[in-house]
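> Letter by letter, the chains look like this.
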Amino acid sequence: MPHVIAASGLSLSFGGVKAVDDMSIQLRRGEFLGLIGPNGAGKTTLFNMLAGTYKADAGCILINGVDASRGRASARIGMGLGRTFQIPRPFPHMTVIENVLTGAQNQAAETILANFLRIGKVAAQERAAIDKAKGILNFLKLDHLMHEPARVLSGGQRKLLELARVLMADPSVILLDEPAAGVNPALLGFIIDRVRDLNARGTSILLIEHNMDMVARLCHRVVVMVGGRYLTEGSPQAVAANPAVIHAYLGVAAQ
Amino acid sequence: MIELVSYGAFFLTLALTFAIMCLGLNVQWGQTGLFNVGVAGFVGIGAYVSALVTTPDLPERLGGFGWPIAVGWLAAALAGAVAAALLGALTIRLRADYLAIATFGFAVVVQLCVLNLQSVTGGPFGISFIPRPFGALAGDPLIFGLLNLAVVAAVTLGVYAALEHLTRSPWGRVLRAIREDEQAATALGKNAISFRLQAFAMGGAIMGLAGAVQGHFIGYISPEAYVPILTFQVWAMLIVGGSGNNRGAILGAIVVWAFWAASGALIAAIVPPEEQARASALKIVMIGLAICLVLLLRPRGLLGELKTVSRHVDDGKDAKT
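Sequence order for the protein chains is A and B.
For the first sequence, my numbering gives the first residue as 1, with consecutive numbering after it.
For the second sequence, my numbering gives the first residue as 1, with consecutive numbering after it.
One should not assume that every hint holds.
Claimed, not checked - Quick list of in silico lysine-lysine cross-link-like pairs, BS3-like style, CA-CA up to 30 Å:
1. K121(A) <-> K132(A)
2. K307(B) <-> K141(A)
3. K307(B) <-> K121(A)
4. K307(B) <-> K134(A)
What the hints assert, rightly or not - With the C-beta cut set under 10 Å, the calculated list includes, among others, these residues of chain A facing chain B:
5. R72
6. S74
7. G78
8. P92
9. M94
10. T111
11. E126
12. A129
Because the hints were derived from the structure by calculation, they are not lab data.
The model shown is predicted, which means the values in this text are computed figures rather than measured ones.
C-beta atoms are modelled at their ideal positions from N, C-alpha and C, and glycine is treated no differently.
Only chain A is shown next, with the shape it has when bound in the complex (with noise of 0.2 Å):
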């Protein structure tokens, strides 16, 4: 199956607004794909169908492979795909490694009865979903704030902390909604160091990114996305020479 994700027709309306229409994307394995679009192309809308937030008044997903069309949001983590939001979504009560452990999967102790039949096992565990939690926090540099409550973390931080949730669950495809946003310059040059390094070792990761320079350092394809349609597609350097391109961002003619 060379396509972790293959969307077609995708659609979906708010009232009488259509936000998505008859949208079609390909991820394919391993690959950096860049979603770019003016605000209000439906980059968002078309995530929140892949990542099963929002039901597609029509259209077909298939993620490796599975048909998820119909499948619930919190379905999608186990298919392999894992997503982060626009506006970081910290739990912000909870310290660090707290918010990096609700990522686990297939706990034993998510059920009562575990917790007092089955001692043992939901020990081991969870001392092992601790190990990589912890091996994770190193690898975004958040190790230092474990013990620490998540609202504590700047915006930055907070966008490291949603990828390494999502890290814990073994994505083979992460959906990234604007990791760049309100980041400082220093801590972006390693959120792009750290993705491009996910994606080296083979997740394929789906981006929505208005920063081009990043888009154009990461990518390895670029589909743009205009008024809720697909517009074109393309290396990065193909695209943000397409006269059609600049014509959606700036709203002028391309000279």
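Chain A is fixed; fit chain B onto it per the hints.
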């Protein structure tokens, strides 16, 4: 002196029955953020189920079955869980304010049913002669009081220990994650509806158990004990003690119940007898005042929520430092 100890035991026993209710509400609100204002309904269901199961057979109403008290308590917890699961299956998807309205309505319906289903519940006359633990020793108030305190304290401690174990487990962690941000928890694979339903049913079970324990301690139950003021009291206890903290729930129950009893005694002492019925409403005012003061001075309650982490995380920290 003996009278003082007897009264202390009586007071503490009753306070701990409220503490159990408060622990149940803490699972729902403190841990999961479920706005249940129908506490009295679940407590009432537990009290009546246990009374019907344990009282001797009577011709004028359903039951009783004359079973042991422990069976009655288990049946009460089960009934509370089933009632919460059924109500939750219908309402748990509602947003907080709508869930509040639905649970409030549920509690009113339970109270009206209890009041009017005379052939099952005894109607306005209630159910009396509910077997009391160590009832054979009731002739010696001190021994009887202390033994009852020991039993209720053991139940409270058992519920507390089980809840602490769960609070620090991955199950408790998922509940907090859902309380903090349901959409993010869902994206991490947690089925929020299922976990909220589990927490709601567990809270209902604990409230049902508390109702049974209280009914058996007093020996008599009637519909007017399960009116909205009970829900208000339990909420006041949790807010004063510290929402999200199991120890806070117990401490809050004792403090607020002491406040309630003391203000009752004060009113009895200073208000002329003919005005006392009306003056007793001042007790509610006093509790309201206590909540305001606590929220102003200690917004997170007497004992705030702990920075809960898994036991094993602490192991790791110790190993590193």
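> Quick check on the hint: M94(A) CB to chain B CB, less than 10 Å?
Since chain B brings a Cβ to about 6 Å from M94(A), closer than 10 Å, the hint holds.
> Take the C-alpha atoms of K307(B) and K121(A), compute the straight-line distance between them, and say whether it is at most 30 Å.
The hint holds at about 25 Å.
> How about E126(A): closest beta carbon in chain B under 10 Å, or not?
Holds, about 5 Å.
> Verify the interface restraint on A129(A): the C-beta must sit less than 10 Å from at least one C-beta of chain B.
holds (8 Å)
> Can we keep the G78(A) interface hint, with Cβ of chain B closer than 10 Å?
Given a least distance of 6 Å, the restraint on G78(A) holds.
> For the restraint on T111(A), tell me whether the closest CB of chain B is nearer than 10 Å.
holds (7 Å)
> Against chain B, run the beta carbon of R72(A) and see if the smallest gap drops under 10 Å.
holds (7 Å)
> Can we keep the S74(A) interface hint, with Cβ of chain B closer than 10 Å?
holds (5 Å)
> Against the 30 Å threshold, does the CA-CA distance of K307(B) and K134(A) hold or violate the hint?
holds (18 Å)
> Going straight from one Cα to the other, do K121(A) and K132(A) come out at no more than 30 Å?
holds (17 Å)
> Against chain B, is P92(A) within 10 Å by beta-carbon distance?
At about 6 Å, which falls below the 10 Å cut-off, the nearest Cβ of chain B leaves the hint on P92(A) intact, so it holds.
> Against the 30 Å threshold, does the CA-CA distance of K307(B) and K141(A) hold or violate the hint?
holds (22 Å)
In summary, the structure agrees with every hint in the numbered list given earlier.
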